[in-house]
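Colleague: Listed here are the chains, written in short residue letters.
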Amino acid sequence: MGTTFLIAARNLRQGGRRVVLLGMAMVLVSMLLVLLDSLAAGLEASMVHSATTLASGHVNVGGFFKVTSGQASPVVADGPKIRKIVEAEVPELDFQIDRVRGWARLVSDRASFWGGLLGIDVAEERGLREVLQITSGSFDGLNAPDTILLFEQQAKRLEAKVGDALTVSAPTMGGVNNTVDVRVVAIAKDVGFMSAINLFMPKATVRKLYQMKEEATGAVQIYLKNEADAPAVMERLRPKLEAADFKLMDSDPRPFWMKFDTVTGQDWVGQKLDLTTWREEVSFLLWILTGFAALRWLLLGVILLLVVVGIMNTMYMSIRERTREIGTMRAIGMSRGQVLRLFLIEAALLGLFASALGAGLGAAIATAINAARIQVPMDAFMAILMNDHVYLKLTVGNVGYAVALISAISCFAALRPARRAARMRPVGALHTVG
Amino acid sequence: MSTPTPSKHTAAADAPPLVELTAARKDYPLGRTVVSALRGVDLVVRRGEFVALAGPSGSGKTTLLNLVGCVDVATAGTVRVAGQDTGQLSEGALTKLRLDSLGFIFQSFNLIAVLDVFQNIEFPLLLQGKLSKAERAERVRAIVDKVGLTNQMKQRPAELSGGQRQRVAIARALVTRPTLVLADEPTANLDSETGERIIDLMRDLNHTEGTTFIFSTHDPKIMTHADRVVRIADGRVVDAAGSSDTHAHVQGHA
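From first to last, the protein sequence lines are chains Y and B. FYI, numbering that gives the first Met the number 0 numbers position 263 of the first sequence as 262, with every residue one higher than the one before it. FYI, numbering that gives the first Met the number 0 numbers position 36 of the second sequence as 35, with every residue one higher than the one before it.
Check before you lean on any hint, since a few could be wrong.
To be verified - Partner residues aside, some chain B positions facing chain Y, computed with beta carbon under 8 Å: (1) GLY68; (2) VAL70; (3) THR74; (4) GLY91; (5) ARG97; (6) LEU98; (7) PHE103; (8) ASN109; (9) ILE111; (10) VAL113; (11) LEU114; (12) GLN118; (13) PRO123; (14) LEU126; (15) THR223; (16) ASP226.
To be clear, the hints were calculated from the coordinates, so they are not data collected in a lab. Heads up, the beta-carbon is just placed ideally off N, CA and C, and yes, glycines get one too.
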């Protein structure tokens, strides 16, 4: 086997410009693969982090409370009981919080808009403090009652600044409109699409607006040690909650605010819980990831096809040039299988070296881009990325995947030419005619 | 010209046959016609013989060597090598027969360009996979010493003269200790002096190792080294027991 490797490696080295050009193409494809993969992973990581901090837990136990069948509020009547069940039944739990949810009109002297209220307890919001970049005021200002945090674009629309008073207006569960006056205590940098609609206020203020009891909340947001466990945890929680006398809505993979029409159209009153994962709560944004993945595979598919054609062409030419050598080796006693292996090893070595170099370059470029913290140039992209700078999530996995994929494709492309070499009759390959 | 040295393994007339061709025929399709390279050859070569195949270009010498060397199969008739009917053997069995029992020496040397002298000679042993690394090294060094290339072991074929390359090819053919070595015009690409030395070397190995050699040649001087000259013309053996004093005869066929 060692000599087969040696022959393969030395033949590659002597392959000249043709092998160098093909190798360079494979380096570029591997580099592109690593960059696109890490960009996709970065995009997903940014979305997961931002979405799960701003609008959702990894798993959410929310729900609706209906006083009459035609009216629904995003309320969970007994938050503490649910938190106890989660504590007992979810060993994967990192931490949990609960937020009071609402949908209200925010009014300033100059303008108004509808937004999603999120009543929070500053003390238990671990991730939110990290994600929000406060440009004026203080996040801790939300510890005071009747306060609000705005994002820059919201403040701009309302022409409001820290210290200004605003009015929040919403219909209560009893169907009566209620208002509270709040003071702007902080303005944060926009964090993508989520910052257009979310309004952060203290829990107590939102409860006061909706005239809710102390134990009522909007949703218990569960954060797991590993986000990937979310679907399994959700499925496990459903029967546990039912066993604790909670009624559950059927699974509906949409964010809670898209379900109002469905819920108000249903003929039931009282409390029903609705369990969702973070992916479902931001499903309206996941098309971006799907679209990006499709575009990535389309682009890579075309390039990989060109690489396959290049490898096959190079191998066929190499086999034609080395026909006499193949004939000699067959005459000496090399088996068909050994000839096949020789050419596959040659392709694998080319694939391995080129892809390792390409993946290494890709990793270096990705690291440099992350270190440079390149600003996202357009608001639209920022909204998609939920991040103000380009982030490429580089893992050993995506580098290894690129190397393995390109090497495997290289071998696959060489299979047909190698089989042709192996099937050569020694007498024909030797070009000997008496 | 050197004279053959007294042989340790003189080919006796009653030695067992190593190669037997019976009515061996080889046809090649050429468009709508069929070209017959061999037209019913009967030939026996016994163990230890040093046989020359003589005949003009296109007479069928190489085709005959191909059939005996198991790199081609006869269209009709039988070819038996080392007691085995090659027409009945599978591709794998033919490969094994070539590897274990046969050695090849080509007109154009056919060395593996990317391997050095040592590696080229070691290659068939690696394919056999029977010897340890140390045993292989010992076997290769012994044969390299015999062909006089001890100082060229690390050189690649491109760095060697024609004569040196053919010595490597001879060493490669002999390193597995085959019972039969086939050489297709081994001196054709060499000057006459080097050609003489190569044949002397083959003859010496025939004597000392008892290896059977069948080689084709156009050169009457080279034929004089053979125990026997088999003359071929138009795909037929016209004389299977010819003496090596064949100058006039071969000229007559050319």
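Colleague: State the violated hints by number, sorted upward, taking the hints as numbered earlier in the document.
Modeller: 3, 15 and 16
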